[in-house]
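Chain F: place on chain E using the hints.
If you read the protein sequences in the order shown, they are chains E and F. Each residue of the first sequence is one higher than the one before, counting from 5 in our numbering. Each residue of the second sequence is one higher than the one before, counting from 5 in our numbering.
If you're looking for bench data, these hints aren't it; they were derived computationally from the structure. Fair warning: this is a prediction, and the values are worked out from it, not measured in the lab. Just to be clear, a hint being listed does not mean it is correct.
[Claimed, not checked] When the alpha-carbon atoms are kept at most 30 Å apart in a straight line, the in silico DSS-like pairs for lysine-lysine are as follows:
1) E:K35 to F:K336
2) E:K35 to F:K333
3) F:K205 to E:K213
[Stated by the list, open to error] Where chain E lies over chain F, by a calculated footprint (3+ residues, C-beta under 8 Å):
4) 28-37
5) 59-72
6) 149-162
7) 336-342
The C-beta atom is built at its ideal place from N, Cα and C for all residues, glycine as well.
There are 2 protein chains.
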Amino acid sequence: VAKGDLEQISALFSHLVPEEIAELLEATPSKDRQVLWQAIPTDQQGEILTHTNEEVRANLLTTMESHEIAGLAEELETDDIVDIAQSLKPEEQEALLSSLDEQERTAVETALSFPEDTAGGLMSTDFISVRADIALDVVLRYLRQLGSLPASTTTLFVRDRDDHYVGTLKITDLLVHDGETLVEELVNTHIPAVRAYLPAKTVAHLFEKNDLISAPVVNDNNQILGRITIDDVVDIIREEAEHAQMASAGLDEDEDIFAPARRAAKRRTFWLGINLLTAIFASIVIGLFDASIEKVVALAVLMPIIASMGGIAGTQTATIVIRALATGKLAKSNSRSLLIKETTVGLFNGLIWAILTGTAVLLWFQDAALSAIFATAMLINLIAAAFAGAMIPLVLQRLKIDPALASGLMLTTVTDSLGFFVFLGLATIVLL
Amino acid sequence: VAKGDLEQISALFSHLVPEEIAELLEATPSKDRQVLWQAIPTDQQGEILTHTNEEVRANLLTTMESHEIAGLAEELETDDIVDIAQSLKPEEQEALLSSLDEQERTAVETALSFPEDTAGGLMSTDFISVRADIALDVVLRYLRQLGSLPASTTTLFVRDRDDHYVGTLKITDLLVHDGETLVEELVNTHIPAVRAYLPAKTVAHLFEKNDLISAPVVNDNNQILGRITIDDVVDIIREEAEHAQMASAGLDEDEDIFAPARRAAKRRTFWLGINLLTAIFASIVIGLFDASIEKVVALAVLMPIIASMGGIAGTQTATIVIRALATGKLAKSNSRSLLIKETTVGLFNGLIWAILTGTAVLLWFQDAALSAIFATAMLINLIAAAFAGAMIPLVLQRLKIDPALASGLMLTTVTDSLGFFVFLGLATIVLL
Numbered sequence: 005v006a007k008g009d010l011e012q013i014s015a016l017f018s019h020l021v022p023e024e025i026a027e028l029l030e031a032t033p034s035k036d037r038q039v040l041w042q043a044i045p046t047d048q049q050g051e052i053l054t055h056t057n058e059e060v061r062a063n064l065l066t067t068m069e070s071h072e073i074a075g076l077a078e079e080l081e082t083d084d085i086v087d088i089a090q091s092l093k094p095e096e097q098e099a100l101l102s103s104l105d106e107q108e109r110t111a112v113e114t115a116l117s118f119p120e121d122t123a124g125g126l127m128s129t130d131f132i133s134v135r136a137d138i139a140l141d142v143v144l145r146y147l148r149q150l151g152s153l154p155a156s157t158t159t160l161f162v163r164d165r166d167d168h169y170v171g172t173l174k175i176t177d178l179l180v181h182d183g184e185t186l187v188e189e190l191v192n193t194h195i196p197a198v199r200a201y202l203p204a205k206t207v208a209h210l211f212e213k214n215d216l217i218s219a220p221v222v223n224d225n226n227q228i229l230g231r232i233t234i235d236d237v238v239d240i241i242r243e244e245a246e247h248a249q250m251a252s253a254g255l256d257e258d259e260d261i262f263a264p265a266r267r268a269a270k271r272r273t274f275w276l277g278i279n280l281l282t283a284i285f286a287s288i289v290i291g292l293f294d295a296s297i298e299k300v301v302a303l304a305v306l307m308p309i310i311a312s313m314g315g316i317a318g319t320q321t322a323t324i325v326i327r328a329l330a331t332g333k334l335a336k337s338n339s340r341s342l343l344i345k346e347t348t349v350g351l352f353n354g355l356i357w358a359i360l361t362g363t364a365v366l367l368w369f370q371d372a373a374l375s376a377i378f379a380t381a382m383l384i385n386l387i388a389a390a391f392a393g394a395m396i397p398l399v400l401q402r403l404k405i406d407p408a409l410a411s412g413l414m415l416t417t418v419t420d421s422l423g424f425f426v427f428l429g430l431a432t433i434v435l436l
Numbered sequence: 005v006a007k008g009d010l011e012q013i014s015a016l017f018s019h020l021v022p023e024e025i026a027e028l029l030e031a032t033p034s035k036d037r038q039v040l041w042q043a044i045p046t047d048q049q050g051e052i053l054t055h056t057n058e059e060v061r062a063n064l065l066t067t068m069e070s071h072e073i074a075g076l077a078e079e080l081e082t083d084d085i086v087d088i089a090q091s092l093k094p095e096e097q098e099a100l101l102s103s104l105d106e107q108e109r110t111a112v113e114t115a116l117s118f119p120e121d122t123a124g125g126l127m128s129t130d131f132i133s134v135r136a137d138i139a140l141d142v143v144l145r146y147l148r149q150l151g152s153l154p155a156s157t158t159t160l161f162v163r164d165r166d167d168h169y170v171g172t173l174k175i176t177d178l179l180v181h182d183g184e185t186l187v188e189e190l191v192n193t194h195i196p197a198v199r200a201y202l203p204a205k206t207v208a209h210l211f212e213k214n215d216l217i218s219a220p221v222v223n224d225n226n227q228i229l230g231r232i233t234i235d236d237v238v239d240i241i242r243e244e245a246e247h248a249q250m251a252s253a254g255l256d257e258d259e260d261i262f263a264p265a266r267r268a269a270k271r272r273t274f275w276l277g278i279n280l281l282t283a284i285f286a287s288i289v290i291g292l293f294d295a296s297i298e299k300v301v302a303l304a305v306l307m308p309i310i311a312s313m314g315g316i317a318g319t320q321t322a323t324i325v326i327r328a329l330a331t332g333k334l335a336k337s338n339s340r341s342l343l344i345k346e347t348t349v350g351l352f353n354g355l356i357w358a359i360l361t362g363t364a365v366l367l368w369f370q371d372a373a374l375s376a377i378f379a380t381a382m383l384i385n386l387i388a389a390a391f392a393g394a395m396i397p398l399v400l401q402r403l404k405i406d407p408a409l410a411s412g413l414m415l416t417t418v419t420d421s422l423g424f425f426v427f428l429g430l431a432t433i434v435l436l
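With the rest of the complex left out, here is chain E (with noise of 0.2 Å):
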């Protein structure tokens, strides 16, 4: 892509549209990407900023000059802006925030004021509203003088006389109904207002349980601070469902794929370094029956096959615990049930595979009392690994840490160290 020279480039890029230059700008390595991007005209890279993700914003920011920066806001609606604000330096912010027009720099810093993951940090405040005790005709006279309203307008949010959120009134009412009708007649009270420091999950699952296409964000006193838009809610609910996925590998959602090898190591060396401490733990374990692999060399070759068992059936179970709670499905009612399904889907896994991996290891060794060790350490672990698997996510959930983040890593050292003490410690007893 980043071969050609720049005016192929510049015509390539006039046939895309922003979110697809971005998507571009994430997938090129990061040398390149300074390249393309001067090859981007100044007035449409603020608005491809907004659709890159953090750190690659974050990334080209840092070539930018202030006054580029402030250049690029111009073309920019709030929120927008405010995206761009979280991604600067205090200083850099402080001279965008100069740049701006009063009005612009009010919206701004009212967002910029509510952190990043709440309602408020994800809002605009490019909204209409009316007041509930006017006539439709009104309303059309305003939004004619108006001349074009704000994207994704479904509906007009209504406030009473002291600028308090009553409603919303759907555009189309303003069609279908007769030009005498007040507001207030139409007004639909049931679409709730989102208070500014809503968590940003939490507003997602508003907007889906609801399917709504925007909603008003209100302050403490219930008036009108801003509007946020079904475009907004769809990055936080991909970046919710992502978190699961690149947090069980110690990642961030917002990882550039493109970082810098140096950096990207320095952050992923941690995990490793947690991972190692784990199979310490687990080296000590067996370490602790040295003397019997010493003797029975078939121990060493086939306790990685338990714990490896464990592990998978360990994960499968938190995977699906992992999940139902981020979506809310799991509560303290009925985590016990579903501690009790999981952990006789153990049963039955640890039974069908005790007895073919236990008729396996007798035809491989021709030892019946290595079988039936391997058969029940199997057993024992699969059941282990069913119930751990589910309770380490709820613990978890209950202690405030993030199941996704910590869960995989408490369950290995579960399976691990579990499988080879039950596996190296009954072949101690039974075969020494």
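Then chain F, alone, in the frame of chain E:
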């Protein structure tokens, strides 16, 4: 939740939206679920079914008679009837179809003729289209006659005299422009129509890229068949993102968390079987070196550490690559850069952990040769893990095998077997 008496449950349900009841049903163990289901008013059951996942839906539908299912359909829009029909056995589907009126039946049959995961299978037929050559006043009169518009209607679809799709007309344009303006003066021809056979995943990307709320579905003649709205797309995006997470543990993203233990065990046992084969392969590798282990038991104690670190490092790389592939950010052109970057990360991490763990082994076993062998094996396995973690998903993708499903096990086979082989092999050469 499910212990109270039925009246209480009914009272509770009357406060919930259908999506919430659906979540509640998914979160309820199988037996209690049937009890709850009976407590739901028949006129709400249909709407609720459209919000549950496929397995729970099929589970609930099996308990119902054909005429009850036909009853549900009366309350539903055509795309929701299609969802339900897709979960039915052929003869039940037939019965449901014959209970519909002419117009609905044609709409449902059209949608059923497309695979479930294509635009055609997702679309609903409740859309409004207008001719390009009429004036806004005429459109307004038409809409007033209809009285109410389908949910999420932000645009009307514009067609020409021969019913070909031309573009979209914003509802808000009707408000702010003069009544004599012709539709064709305002039509936005940049909103792409979706071909009926386009995969659902591609449809979702199209919506995300263009921030769409709805889009028309057309046949090969460019005639409008139906409409896809953002709420369907949100479901696709969630499923798509969850797919990778679930698939890596051999699970299906539509899995009912309260499926009967026996069925769940049967499904997961296949995955455990595949894993057993890879674990046995690793065991055979260990078996090659049983004489060495007999002489130096420390090898058996340390070997799981090498395999485990390789597994984690490889999984980190594979997770990033699988996500990049799923989101379309990796193609032929940039996969070489990624392979080089990830292998470099593997080299950095390999060096760090070879030095650290080598030192630890020296302190633990007081054996310089063993320490050097361990460090070398760690370095080699971490580099190989990074290379394999990037390579395996790329190759699987090229072979049209789902990388999310198969990468994990193939990777573990490499990191375990290679880790054991390099460590035990080096030890055999050097120590014996």
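Broken hints, by number = The structure conflicts with hint 5 only, although it agrees with all the remaining ones.
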